[in-house]
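J.: Given chain A's structure and the hints, the job is docking chain B onto it.
Here's the letter readout for the chains.
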Amino acid sequence: MVKYILKRLGLLLLTLFLIVTLTFFMMQVMPGTPFSNPKLTPDQLEILKHAYGLDKPLWQQYLIYIGHMFTGNFGTSFVYTNQPVITMIAQRLPVSMQLGVQALIVGTILGAFMGKASARRKNGWLDGIFGFVSVLGISVPSFVIGTLILLYLGFNLNLFPISGWGTFSQTVMPTLALSLAPMAVVTRFVRSEMIESLSSDYILLARAKGLSEKEVVNKHAVRNSLIPMLTLIGPMAANLLTGSVLIEKIFSIPGIGSQFVDSIPAKDFPVIMATTIVYAVILMLFILVTDILTAIVDPRVRL
Amino acid sequence: MENINKDFTLVGSKGSDSTEKIAKPALSFFQDAWRRFKKNRVALVAMWVIVITLTFSVISAVVVPQSKANYFNPNKTQVYGNLPPKLSGDLPFWNGEFKAPGSSTRSNVYEEQGVEKGKNYIFGTDKYGRSLAKRTIVGLRISLIIALAAALIDLIIGVTYGIISGWMGGKVDLVMQRIIEIIQSVPNLVVVTMLALLLGQGISSIIIAIGLFAWTGMARQVRNMVLSYKERDFVLASKTLGQSTWKIAVKHLLPNVSGVIVVQIMFDIPSMIMYEAVLSAINLGVKPPTSSLGSLINDGIASLQFYPFQLIIPAIVLSVLSLTFIFFGDGLRDAFDPRASED
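For the record, the sequence lines run as chains A and B. For what it's worth, the working numbering labels the leading residue of the first sequence as 1, then goes sequentially. For what it's worth, the working numbering labels the leading residue of the second sequence as 1, then goes sequentially.
Heads up, some of the hints might be wrong.
When the alpha-carbon atoms are kept at most 30 Å apart in a straight line, the in silico DSSO-like pairs for lysine-lysine are as follows [stated by the list, open to error]:
hint : chain 1 : residue 1 : chain 2 : residue 2
1    : B       : K239      : B       : K171
2    : A       : K209      : A       : K219
3    : B       : K251      : B       : K239
4    : B       : K287      : B       : K127
5    : A       : K209      : A       : K122
6    : B       : K127      : A       : K249
7    : B       : K230      : B       : K247
8    : B       : K171      : A       : K7
9    : A       : K249      : B       : K287
10   : B       : K171      : B       : K247
11   : B       : K39       : A       : K122
12   : A       : K249      : A       : K267
13   : A       : K219      : A       : K122
14   : B       : K38       : B       : K251
15   : B       : K287      : A       : K267
16   : A       : K267      : A       : K56
17   : B       : K38       : A       : K122
18   : A       : K3        : B       : K171
19   : B       : K251      : B       : K171
20   : B       : K171      : B       : K230
21   : A       : K214      : A       : K122
It is worth saying that the hints were derived from the structure and are not from the lab.
Looking at chain A on its own, in the form it has when it is part of the complex (with noise of 0.2 Å):
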């Protein structure tokens, strides 16, 4: 096990390095600059160019790059002056991670009991339901969900503030809108589980045995059913964090992914940058620990 995850940690740390060296370079090709204010005289420009290094040859601002990535310090914002990247980033992370698990819980609950309750009344109305309502999580993109939740529920209803962070209530109609997905996705998962679970031979032996139906859904079939699940929660975990860019933008939330989104046009290379190793290093993470919790869990699965 302490070997398993050592090599995965090395893997991991390759894996970072290539992304950094990557986007490092990619960054480089990308057309325009951040400086093209046209505004600024040439002079102002080697000035500028000078103070954030660029004036020198492209190997040494890689190095010198990677060499401060090591100490935390992942340069200061083009737009921003003055502001380092890293402590924008430790603002806005911290409200995207909130979201994001907000949603994922509301989501795995939610789905898990929809799965359930499908699994028992396989193809009664309510399974019928909880299809149709997965299906619509699945198919409907999440901003789309999103705005006509920000326009019923906010606008004409008035129940919750239309944007903004900081109290529980400005974060209902966001968690609501980014939860749909994986709640969908884990009633899918959960339900053909079940399924499969309840038509196993232990679920035969534990009726035989003469459990109440409630014991050995709840005992058996659900347990069961679960375990597979954590393969699934880990890059949804992920997703939920990428994939609430757009929620952001749609509900002004100061998270870091309305960050990544602004930087783009601004063509603000430390934050993209910054941003797309704090997104991989998250991503990978949420896998590990799942292939992890799955091995502690299951015991069938060997690392």
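T.: Showing chain B alone in chain A's frame:
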């Protein structure tokens, strides 16, 4: 007795070979899959919707060219701008009446803005007075072109990569799989955004951006299938008979893997349609006068508070489109692999 013998023929009395056989007619893999697919009614409907949509998109290219959907008269935006949907004056909800922003009662916007009599926009118009119906038709076409072309790139790279990785095995496979893992650990949105930035705006660059990142799932699926098939007896027999590797790949592996490939493509297409929409929503999609479903939705979001129909129509088209591909893919998966079927 003679009469009876005339009316009845005794089964098997002739002792012919044909009556000895009790097997069902031999079906090829695809015939068998089609037989199972037909039983899934939802998937069958989805298939027809896709066929109709594709035909419609091709035909509409003649009737509604892009220039027609983009054209507007800058002097008349007051007259034609932001009209609500209207099919005919008699229908209760589709008669051009609308609660205009700021007012509290519904009124006939067509009359107020002085639109010629008999001129109806069934999906309404946008703020420049362009017909939303035309723009949605063009948008649907462009979104489909982007998705299908990106799927083609996905197909070519993914299948080739998967076959090479699975067939070579060993160290090559190890390295190739690590490369896939690295690509997958960069969040999709970031990759697509970067590529879109790198290649510039425009339909072709979006296609390349989406196609270049989306092939990893395909490559993995194909590799797994190749790994399991390459040890089978018929491949070994082929090898023993001195068949070239290339021919084995094309003649033996590809037909066996094709089911997985088709299903994977059907699941990839809706996510590509979605990625196009996301790119347009963060202003990295198609260039402005051109409309795609994503850019229409993005425009709709901007005017949502006052003119919700401008968002809802392209959003419904987008959702129905991805829905049909998902259902079609589901049906295909069950047809190709009956064990995966739930019931």
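J.: Now tell me if each hint is right for this structure.
T.: Structure-based check of each hint:
{"no.": "1", "hint": "K239(B) with K171(B)", "result": "holds, 22 Å"}
{"no.": "2", "hint": "K209(A) with K219(A)", "result": "holds, 13 Å"}
{"no.": "3", "hint": "K251(B) with K239(B)", "result": "holds, 12 Å"}
{"no.": "4", "hint": "K287(B) with K127(B)", "result": "holds, 17 Å"}
{"no.": "5", "hint": "K209(A) with K122(A)", "result": "holds, 24 Å"}
{"no.": "6", "hint": "K127(B) with K249(A)", "result": "holds, 22 Å"}
{"no.": "7", "hint": "K230(B) with K247(B)", "result": "holds, 13 Å"}
{"no.": "8", "hint": "K171(B) with K7(A)", "result": "holds, 17 Å"}
{"no.": "9", "hint": "K249(A) with K287(B)", "result": "holds, 20 Å"}
{"no.": "10", "hint": "K171(B) with K247(B)", "result": "holds, 23 Å"}
{"no.": "11", "hint": "K39(B) with K122(A)", "result": "holds, 19 Å"}
{"no.": "12", "hint": "K249(A) with K267(A)", "result": "holds, 18 Å"}
{"no.": "13", "hint": "K219(A) with K122(A)", "result": "holds, 19 Å"}
{"no.": "14", "hint": "K38(B) with K251(B)", "result": "holds, 27 Å"}
{"no.": "15", "hint": "K287(B) with K267(A)", "result": "holds, 18 Å"}
{"no.": "16", "hint": "K267(A) with K56(A)", "result": "holds, 19 Å"}
{"no.": "17", "hint": "K38(B) with K122(A)", "result": "holds, 22 Å"}
{"no.": "18", "hint": "K3(A) with K171(B)", "result": "holds, 21 Å"}
{"no.": "19", "hint": "K251(B) with K171(B)", "result": "holds, 25 Å"}
{"no.": "20", "hint": "K171(B) with K230(B)", "result": "holds, 17 Å"}
{"no.": "21", "hint": "K214(A) with K122(A)", "result": "holds, 16 Å"}
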